[in-house]
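Order-wise, the sequence lines are chains A and B. The first sequence runs 8 to 147 under this note's numbering. The second sequence runs 11 to 404 under this note's numbering.
What the hints contain is simulated information worked out from the structure, not anything from laboratory work. For each residue, glycine too, the CB sits at the ideal point set by N, CA and C. Be a bit skeptical, because a hint or two may be false.
[Unchecked claim] With a straight-line cut-off of 27 Å between C-alpha atoms, the simulated DSSO-like cross-links for lysine-lysine are:
#, chain 1, residue 1, chain 2, residue 2
1, B, 276, B, 295
2, A, 86, A, 115
3, A, 129, B, 139
4, B, 193, B, 181
5, A, 143, A, 58
6, A, 86, A, 13
7, A, 115, B, 293
8, A, 129, B, 171
9, A, 129, A, 11
10, B, 293, A, 129
11, A, 139, A, 11
12, A, 129, B, 194
13, B, 194, B, 181
14, A, 139, A, 78
[To be verified] Sample of chain B residues facing chain A (criterion: CB under 7 Å; computed from the structure):
#, residue
15, 27
16, 46
17, 49
18, 52
19, 53
20, 57
21, 74
22, 75
23, 135
24, 138
25, 142
26, 279
27, 347
[What the hints assert, rightly or not] Only part of the chain B face toward chain A is listed, based on derived beta-carbon distances under 10 Å:
#, residue
28, 48
29, 137
30, 366
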Amino acid sequence: MSLKLKALLKSPWVFHLSTGSCNNCDIEILDCLTPRFDIERFGMLLVGSIKHADVLLVTGSCNRMSVERLKVLYDQVPKPCLVVAVGTCTGSRGLFIDSYNCPVPLDKIIPVDVYIPGCPPKPEAMIAGIVKLIQKVGGP
Amino acid sequence: MGKTIIPIGPYHPLLEEPELFTLTVDGETVVDIDMRMGYNHRGIEKLSEGMTFENSTFVVERICGICSTSHPFAYTRAVEDIFPMVVSMRAKYIRTIIAEGERIHSHLLWLGLAGHFLGYNTLYMWAWKLREEILDVMEILSGNRNSYAMFKPGGVRRDIKTEDIPICIKKINSILPTLNMLKKAVIDDPVLHARLKGIGVLSYQDAIDFSALGPTSRASGVARDARKDSPYGAYQEMDWNMIVTQNGDVFDKAVVRILEMFEAAKIMKYCLNNLPDGEIDAKIKDVPPGEGIGHVEAPRGETFHYVKSDGTNRPVRHKVRAPTFMNLPTYKATVIGQTISDATIILAAIDPCYCCTERVAVKNDRGKMLYNGQDLVGLSREKTEKIRRRMVGR
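Could you build the full structure based on these sequences and the hints that come with them?
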């Protein structure tokens, strides 16, 4: 494992990106930060700028207008960067598979490391997903 | 000093959802704003027209995660409006319980985020901690934390078990003291008074002119509430108060929302205590041709659904009007002349929900969205001009 990746996994900072979601996943992500779940204990922090982020949490069904922005933002993330697809919309488009405005799932646009299915996934599921992500890339 | 343009968004730490606001400022004062939407458009109305009446309930539930009760509620009411049918009292009570639970969790969420925007993070954490309790109640009742999937045309999908009722009432009672503490923390705080009073005032006349809805209008003294004006569900069965304040500033909007939570808890407790017996589902077989409307007071204002049926098992036309569609233009009336530091809290005060609102997107053939509000108005004027010329020519 590269030194860069090792440093990243010690305290992964997450950036949350909504590509046309229904708010549920975004609210549940924020829920992870509030007292009952409180993932800040483990060094995870929601950051305001994409340039500070190590992990990209993408929610929503990747509609045509957001995809342009998503590509621009992905180019701006310092690499290595890990991508988590939160929610069924991002993974397989779920209910929106027939929609004219949601052409492709997220993994056709940018590489995805972990999928967290659910509509919306519970905060416990999200925390489990991040733990799996850390294990996958060889962390503690 | 010249004018400066400040873009907020589309991906901004302040906004949950992607949205682009362009503030034109002169020094510290906001002179003009422009909004650009469409980042959340998913084509829900079209999707709904391709699904059966029963399946459309799940599509409209995904319009917005926070209002995931009010959209299905309004939709089922619209379908029930097409032909005369009777929904059982038990189903109505269960619907009311779920709708009021959603109101409490949505207002708590708003209160937390408003505190966060003001740099009052203690309030944020307290409100969201309290919100978990009400989400537990919803999980006991429906099995889900959000997106409850309780509604279907003609009734509800799940019954409430008798043994769950005392647990829910106990939980609701246990949050009331903390809610009281939060109320005091906001209403008696001198800092919040200094920060929020007289900020972003929406006058009574403006609230009427913009057709503001929900807490945004009730804070300006307009007593408008779909639950009182045209009662649905079980709201006419009990006594509850419509909260109306007069000043129309951000502080009053917060007060309206906080006091509404107590009313919602009261309604929930009454319904749980007096849940009548009976069937929960009217078992609709066919929907005859016709059209129906349904409106429901969502936490943010009145949600309106229109459904047209041609006798098949799918809606021919399904139209959604979310409350933010009416409330967002009031931002223009309230923010101009205020300082840029207040712009965020004034926007937050209307509790905007863009994913509810985005029903239309315009594209040109290169695949980029180009039209903003002014362009659309320009297009509309052009069309009027064309029609006028044609009429004169004839």
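How the hints compare with the structure:
1. At most 27 Å may separate the alpha-carbon atoms for a hinted pair to count; residue 276/B and residue 295/B exceed this at roughly 36 Å.
2. Using a Cα cut-off of 27 Å, the hinted pair residue 86/A and residue 115/A holds, with the two alpha carbons roughly 19 Å apart.
3. Taking the CA atoms of residue 129/A and residue 139/B, the gap is about 16 Å. The hint holds against a cut of 27 Å.
4. With a C-alpha separation of about 19 Å, the suggested pairing of residue 193/B with residue 181/B holds against the 27 Å cut-off.
5. Note on residue 143/A and residue 58/A: the hinted pairing holds, with a Cα-Cα distance of about 23 Å set against a maximum of 27 Å.
6. Under the criterion of a C-alpha separation no larger than 27 Å, the hint pairing residue 86/A with residue 13/A is consistent with the structure, at around 13 Å.
7. At roughly 42 Å between alpha-carbon atoms, residue 115/A and residue 293/B are farther apart than 27 Å, so this suggested pair is violated.
8. This hinted pair checks out: residue 129/A and residue 171/B have alpha carbons roughly 24 Å apart, not beyond 27 Å.
9. As the CA atoms of residue 129/A and residue 11/A are separated by approximately 30 Å, the hinted pair breaks the 27 Å bound.
10. Between residue 293/B and residue 129/A the CA atoms are separated by roughly 32 Å; this puts the pair beyond 27 Å, and the hint is violated.
11. Taken as a hint, the residue 139/A and residue 11/A pair is honoured in the structure, with Cα atoms around 19 Å apart against an allowance of 27 Å.
12. Proposed proximity of residue 129/A and residue 194/B is contradicted: the alpha carbons are some 31 Å apart, above 27 Å.
13. For the given pair, residue 194/B sits about 21 Å from residue 181/B by alpha-carbon distance, which is consistent with the 27 Å threshold.
14. Simply put, residue 139/A and residue 78/A have alpha-carbon atoms about 25 Å apart, close enough for the 27 Å limit, and the pair holds.
15. Interface hint at residue 27/B: satisfied, since its Cβ lies 5 Å from the closest Cβ of chain A, which is below the 7 Å cut-off.
16. Because the beta carbon of residue 46/B sits about 10 Å from the nearest beta carbon in chain A, more than 7 Å, this interface hint is broken.
17. At its closest, the beta carbon of residue 49/B sits 5 Å from a beta carbon of chain A; the interface hint therefore holds under the 7 Å criterion.
18. A distance limit of 7 Å between C-beta atoms decides the matter here; for residue 52/B the minimum to chain A is near 6 Å, and the interface restraint holds.
19. The beta carbon of residue 53/B comes within 4 Å of a beta carbon in chain A, closer than 7 Å, and the hint placing it at the interface holds.
20. Nearest Cβ of chain A to the Cβ of residue 57/B: about 5 Å, under the 7 Å cut. The hint holds.
21. This hint holds: residue 74/B has a C-beta 6 Å from the nearest C-beta of chain A, less than the 7 Å allowed.
22. A distance limit of 7 Å between C-beta atoms decides the matter here; for residue 75/B the minimum to chain A is near 3 Å, and the interface restraint holds.
23. Checking residue 135/B against chain A by beta carbon gives a least distance of about 6 Å; that is within 7 Å, so the hint holds.
24. Proximity of residue 138/B to chain A holds as hinted, the smallest CB-CB distance being about 4 Å (cut-off 7 Å).
25. Annotation: residue 142/B was flagged as interfacial toward chain A, and the flag holds, the nearest CB pair being 5 Å apart, inside 7 Å.
26. For residue 279/B, the interface hint is violated, since its Cβ never comes within 7 Å of a Cβ in chain A; the closest pair sits about 24 Å apart.
27. Below 7 Å, beta-carbon pairs count as interface contacts, and residue 347/B has none with chain A, the closest being about 28 Å; its hint is therefore violated.
28. Using the Cβ-Cβ criterion of 10 Å, the hint placing residue 48/B at the interface with chain A is satisfied: the shortest such distance is roughly 5 Å.
29. The beta carbon of residue 137/B is positioned within 10 Å of a beta carbon in chain A (closest approach about 9 Å), and the interface hint is therefore held.
30. The interface hint given for residue 366/B is met, as the beta carbon of that residue sits about 9 Å from the closest beta carbon of chain A, less than 10 Å.
The structure fails to meet hints 1, 7, 9, 10, 12, 16, 26, 27 from the earlier list, while all remaining hints are met.
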